[in-house]
Structure formats: structure tokens, C-alpha cells
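> Using the hints, put the two chains back together into the complex; each one sits in its own frame.
Next come the chains, spelled out residue by residue.
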Amino acid sequence: MQTRERWLWAILGALWLAAIGAGARVLWSYQSTPGEHAAERRLWPAASRLPRDPARPTLVLVAHPHCACTRASLAELAGLMRRLRGRVAARVVFVRPAGLPAGWERTDTWRTAQGIPEVTVWADPGGVEAARFGARTSGQVLLYGQDGRLLFSGGITPIRGHVGDSAGQERIVSLVTTGRADAATSKVFGCALGTAAGRGPEGKGA
Amino acid sequence: MNVLDLDDGAARALQIAERARALYAEQRQRVLRRVDRMFFGLMGGQWVFGIVVALLYSPYAWEGKQQAIHLHVYLAVFLGGALSLFPMLLAWRRPGWVVTRQVIAVSQMLWSALLIHLTGGRIETHFHVFGSLAFLAFYLDWRVLGTASAVVLVDHLARGLLWPESVYGIANPEWWRFLEHGFWVAFEDVFLLIACRNGIQDMWRGARRQAEVEVLRESDELKTFALEMALAEARS
Numbered sequence: 001m002q003t004r005e006r007w008l009w010a011i012l013g014a015l016w017l018a019a020i021g022a023g024a025r026v027l028w029s030y031q032s033t034p035g036e037h038a039a040e041r042r043l044w045p046a047a048s049r050l051p052r053d054p055a056r057p058t059l060v061l062v063a064h065p066h067c068a069c070t071r072a073s074l075a076e077l078a079g080l081m082r083r084l085r086g087r088v089a090a091r092v093v094f095v096r097p098a099g100l101p102a103g104w105e106r107t108d109t110w111r112t113a114q115g116i117p118e119v120t121v122w123a124d125p126g127g128v129e130a131a132r133f134g135a136r137t138s139g140q141v142l143l144y145g146q147d148g149r150l151l152f153s154g155g156i157t158p159i160r161g162h163v164g165d166s167a168g169q170e171r172i173v174s175l176v177t178t179g180r181a182d183a184a185t186s187k188v189f190g191c192a193l194g195t196a197a198g199r200g201p202e203g204k205g206a
Numbered sequence: 001m002n003v004l005d006l007d008d009g010a011a012r013a014l015q016i017a018e019r020a021r022a023l024y025a026e027q028r029q030r031v032l033r034r035v036d037r038m039f040f041g042l043m044g045g046q047w048v049f050g051i052v053v054a055l056l057y058s059p060y061a062w063e064g065k066q067q068a069i070h071l072h073v074y075l076a077v078f079l080g081g082a083l084s085l086f087p088m089l090l091a092w093r094r095p096g097w098v099v100t101r102q103v104i105a106v107s108q109m110l111w112s113a114l115l116i117h118l119t120g121g122r123i124e125t126h127f128h129v130f131g132s133l134a135f136l137a138f139y140l141d142w143r144v145l146g147t148a149s150a151v152v153l154v155d156h157l158a159r160g161l162l163w164p165e166s167v168y169g170i171a172n173p174e175w176w177r178f179l180e181h182g183f184w185v186a187f188e189d190v191f192l193l194i195a196c197r198n199g200i201q202d203m204w205r206g207a208r209r210q211a212e213v214e215v216l217r218e219s220d221e222l223k224t225f226a227l228e229m230a231l232a233e234a235r236s
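Protein chains in written order, with this note's numbering: chain A, 1 to 206; chain B, 1 to 236.
So that you can see chain B by itself, here it is in the shape it has in the complex (with noise of 0.2 Å):
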């Protein structure tokens, strides 16, 4: 093997180190504007499923015989409304933008809220915040899902704080007690966390194995070139 052989080693891993970067960087946003896509939809159901909830479980508001419509009806409509359309915008005019993902994490922790709050509290919608949670994680970003899990937190410390009735039911808790709630979203958080760690391995690697395939199959097709070349200018 002589200087020219490991110049030209080097000058094929740093060929194939730099288009794995890019298939990587593609394939990255591929599936972060696909992800938005995703959301896009699921923004667009929940608004009509929050309606629908309202509109199911408490469409009136009574005071005797009096009925009027309950307030359930205008926040699934009109703060359900806000939480989707701001993030849908943004998926449909800026995907696999940043800012597109953590907006939609906050919101999607936000409809599991009221979603909760328009069911009366029912112990089976609190697995919204475990679904969004695996939803997210689509995303393969770690921040995304931190984003999220603190939406939770700081939402449980500050009602805890402000009115630990409605969370608790007892009037003085622990102060601690927003860590218990906390610990189960953060024990999911793990299994989530490696899978997005894997997932993120798996697409450098496919990117890596690509960009080999590419550089070698060129290198391969120059040789032939070459070599045709050189063929040619024999028979002549």
C-alpha cells in the first residue's frame, strides 16, 4: 500500500461520511414533515371530537327548568379551536420546522386537558396523555417529548398550587405530589427516549450503508470508465 492508496482511503470516508450526512439530513426531514402531516390530521379530529364530546355530554347548562348552552359546547369549539388551528397552520406552511413540532407537543398535552375536562374528568381520558406521548415520539427528538412532559408537570405544580382540590381532591397535598403524577409520565418518557435513540440510530446507519453503496458503485463506475478508455485508445 503506498501514500497515494491512503490519501485516496481517506478521500472515499470523508466522501462517504459527508453524503451519509446529507441522506441522513433528507431522510430526517422526510420524516419530520411526514410526522407534522400526521398531526395536521390529528389536530383537525380532536377539534371535531372535542365538539362532539360537548356536545354529547354536556350540551345544556340547567338552572331549573331553564336550559342554555353549556360553556363545554363554546370552549370545545372555540378554545379547542385555537389549540388545533395554530398548529395546524404551522404543519401545513412551515413543516419540519422546529418550532412547527414543539407548538404541536404543547398543544397536544393541552387538548389531553381539555379533553379531560369536557369528559368530566373520566379516569380513560388521561390515557390521552399517554397516546399523545407515543405520538410524539414519532418525531425521534427528545426535545419534543421533554417539551411535552413538561407541560404536564408545570400543569399539575401549578394547579397543585393554585387549587389542589381539582387535582388532588384534598385541600393541603405534599407538596411533592406533582412528582408522583410526574413519575409515571417520566417512566413512559424512558421507553420512549431509547426507542427515539434507536430509531435515530437506525437512520444514520441506513444512511451510512446508502452513502457506502453510492461512493463504491461511482468509484466502480469510474474505474470502468477508465479502463473502457484506455481499451479504446488501444484499439486505436
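Excised from the complex, chain A in its bound form (with noise of 0.2 Å):
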């Protein structure tokens, strides 16, 4: 191979590194970006609808149902409840932001929602629910107590849209099982909701 070629060679290669550099750059930047953390809500808010379980703690997930995030939170949730065998009771709420036609969230993440045990899966017309319990980012997670005070809230998936093992779920199990964790809240790594959840009143309580 004449010298030329060689170094036309190892200019294409010098190029090929420095694109996978930059698209990996971009991908890490997207995947590592949590999203906006719950506004605060320190008891389970009054105005819900959401039926609290006065027996055992309780645990809400806020999701998007067309995000593709959600099927990550999903198949966690999944993992946290076997792990968890019966000691919380979880209810998955599904936005359906206002203006967009009545089913538009049955979508194939409700029905993986519907097949977990332990779950009772909401629709939220409007996000209200999304509102009332300070939700901005699909995934985000809240554990409240038999008491109606807030335990938790973060995020319970590793990286955006990524599943495995999380500091969110730790601390969930740890709480559950033991009434203590190393911090009470995670990252939360999804779609923006759209919702209005920080115009929302705070700590009213149950």
C-alpha cells in the first residue's frame, strides 16, 4: 500500500473516531439529563382521587403513556413489586393531557401497567391528578406512608429510558422494609408531563 492510501486511510479513521466521539457525547447527554423533580407534596393531597391504602404504604407513578421512558418505569415497577410481595399497594396514573380524545392513553404501556400485580392503573384527563401530586416528569415516583406523609419521590429507572438497578428503588425496598433510607428522593428521567403540578398547593394534607 503506496504512503497515500495510508494516510488517507488514517484521516478516515480519524474522522470515524471523532463522529462516534461526538454521536456517543450526544447520547450520554440526553440519557444522563434527569427530568423536573416533583414539586413538593408532603401529605397525600386532599382533593385526590386516587384511593390511599391506610393498611400499608402507598406507592403512585406518574407516567406518560406514550413516552418510551414509561416502559422502562414500567418493567422496574414490575421488579420493585415482586420484591415488595404484597407489602405496598401501587396505583399507575396515566396523563392524558386536555384536548386529546378519551382512550388516546390505552396504549400498550397500560396494559403492561394493568398486568403487574399489586397495581390499579388511572387515567388523568387534564392531569389533574399529575397536579395534585406535584408530577412534572412521566416516572416520577411518590411513597407515601400508612399516614398519608410523603416517604419518597424520584425516579426508580437508572438512566433516561434504560432499565436496571437504581439508588430509587433501593431506597424504596429499604424504606419498605426497613423505615429507612440513605436519601428520600432520585433523579427522575422521562418525558415533561406538561402539566401545571407547580401552580399546585402544597402539603395540603389528606
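Rather than coming from a laboratory, the hints here were simulated on the basis of the structure. Don't be surprised by glycine CBs; every beta carbon is placed ideally from N, CA and C. You may find that some hints are simply not true.
Coverage of chain A stretches by chain B, computed from C-beta distances (three or more under 8 Å per stretch; other residues unrestricted) [what the hints assert, rightly or not]: (1) 4-13; (2) 29-39; (3) 155-162; (4) 181-193.
Going by beta-carbon spacing under 10 Å, a handful of chain B positions derived as facing chain A [to be verified]: (5) R19; (6) Y74; (7) L162.
Right, dumping it as C-alpha cells:
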């Protein structure tokens, strides 16, 4: 092979590595950027239509039915429910933004959520419930104790739309099984819900 | 046996060794080119597959009721294209070249990482890593497996240091945690390296056998020719 050709391949190789590096950076940045955390609601919202279980902690997962990241959140919720085996009740709330027809939220993620034991699924027209709980990002999980106090607020996927062990899951398991955890929050990864969560009343009790 | 016979035997052995080396190199080059062609097709197929996966799995990103093409679709098209096109160009223009298979090894393992991301980290997609290693072993070149395994290890080490949650799900894993993942890659590598060594040895043996047959046949032909000449001379 001639020197000129070697140089040509070397330049092409350098460009190839640069293109891969740039692409990986974009992917990394997207996957690792968390969504907006929920506005704090220290107590179970009084106006909520969702039933809270007085005998055990209640977990609320607020999700966007069309967001690809919801699949990962539900896969992790299924794992979490298997680990906790009846020690927690769960409600999955699918937000249907205002102006969209009824049934828009009945996607494959809805059916997946329905298939998880101990989970009840709720449609949330206009994102009213999501706003009551302060949720702004799909995948937001809130864990309330039997007394209606907020125990945990955060996400249960390690990165955006990606299944796998996460700090959020470990904290929920620890809180439910021992009553303690190293932290009561975690990052939330998912699509923006487009709710008016920030404008809701904060800290109103059940 | 006289001195002339010994010289004759040594010359024949030398001739066989030289011919075996040439046959081996020829066969080796044929194998390398064939595997390069296979990867040319695989790279193209993976690119299409990556785009299809992105379109099916995460076609849109949402913000309330607003939807936009998901970043994964763009990454499948452009990053996937970058990953595939350079190795394809090398396999097309420079098949059999050592650089071609090294680039293919790097690209193939990066394809595993991209597909894992495109499928949301599904555990099943991780099998692509092990399938790829087996496919790369078709080159019968330990250096190719070394490069591919190093890509996996460096990826885990770098992400484990920069953002451990993305690999291990916890913020402070033990520093050696990447070795646990690397162990299973090494586990497969051991068997593939043995298979590569056996494949190379078989190729050598085949080349040697063929060289012996060729040299003996040539020697027999020479003897027959000499005999025919002698007979023809005697008749005349």
C-alpha cells in the first residue's frame, strides 16, 4: 500500500472516531439528563381521587402513556413489586393532556401496567391528579406511608428510558422493609408531562 | 543412503515447508477476506436493524401532547451510519488487511452498546456482545478478540468511573466492579481463543499435507519424465 493511501485511511479513521465520539456524547447527554423533579407534596393530596391504602404504604407512579421511557419505568415497577410482595399498594396514573380524546392513554404501557400485581391503573384527563401530586416528569414515583406522609419522591430507572438497578428502587425497598434509607429522593428520567404541577397547593394533607 | 540422498531429502523438506507456507498464507487470506465480506453484510444489516428498532421502540419524544422525532431515531441513522460505513468501506476496498478487521472489531462492540441503548437496556440485547465475539472469532485472530474485549472493558471502566449508576445502578460501586463484567467476556474469550488456535493448526496441517502431495507428485512426475527420456534414448 502506498504512503498516500495509508494517510487517507488514517484521516478517515480519525474522522470516524470523531463522529463516534460526538454521537456518543449526544447520547450520553440525553440519557443522563434528568427531568424536572416533582413539586414537594409532604402529605397525600386531600383532593386526590386516588385511594390511599391505610394498611400499608402506597406508591404512585405518574406516567406519560406514549413516552418510550415509561416502558423502562414500568419494567422497574414490576421488579419492585416482585421484591416487595404485597407490602406496598401501587397506583399508576396515566396522564392524558387536555384536548386529547378519551382512550388516547390506552397504549401498550397501559396494558403492561395492568398486568403488574398489586397495581391499579388510572387515567388522568387533563393531568389533574399529576398536578395534585406535583409530578412534572413521566416516571415520577411518590411513596406515601400509612399515615399519608411522603416517604420518597424520585425515579426508579438508572438513566433515561433504561432498565436496570437504580438508587431510587433501593431506597424504596429499604424504606418499605426497614423504614430507613440513605436518601428520600432520586433523579427522575422521562418525558415532560406538561402539567401545571408547580402551581398546585403544596403540603395540603389528606 | 549416501550424501546425495541426504541432500535430496533436505531439499525436498525445504521445498515442502516453503510450499506449505505459501499455501497457508493463501488460505489465511481467503478466510480473512471471506469474513470481511460477511461483516460487510452484517454492518449494513445492523444499521437497518438499529433504525427499525428505534422507529418501533422509541419513535417519538413527548412533552405533554407535543411530539417530536425521538433522538434515538437520529442516533440510529447517523451514529449507526458512522459505525457501519467506515468498516464497510474498509471491507470493500481493503479486504484481508489487518486494520480492516481491527476496525470491524471496534465497530461491532460499539454496535452492541448502541443497540443496548436503543432497546432501553433490555437484558436480551446484551447477548449481542457475546454473539459478536463468537462472530469475530471467525477471523481466527486473537488480536481481534483482544481489541473487541478491550472495547467492552474500557466502556465499563469509563462509565463506571464517570457515571456508575448507568452501568451498575448504584452511585459508589467497588472500583473493581468492571472486572466482574469483564470476567464473563474473558470466559467466552478462553473458548474462542482455543477454537482460533485449533483452527489455525488445522489450516497449517492442511497446507502441509497439500504441499507434501504437490512436491511428491512433482518429484514422481520428474522421475517418470527422466525414465521416459532414458527409454526413448535407449530405443533410438
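> What hints, given by number in increasing order, does this structure fail?
When the structure is compared with the hints, only number 5 turns out to be violated.
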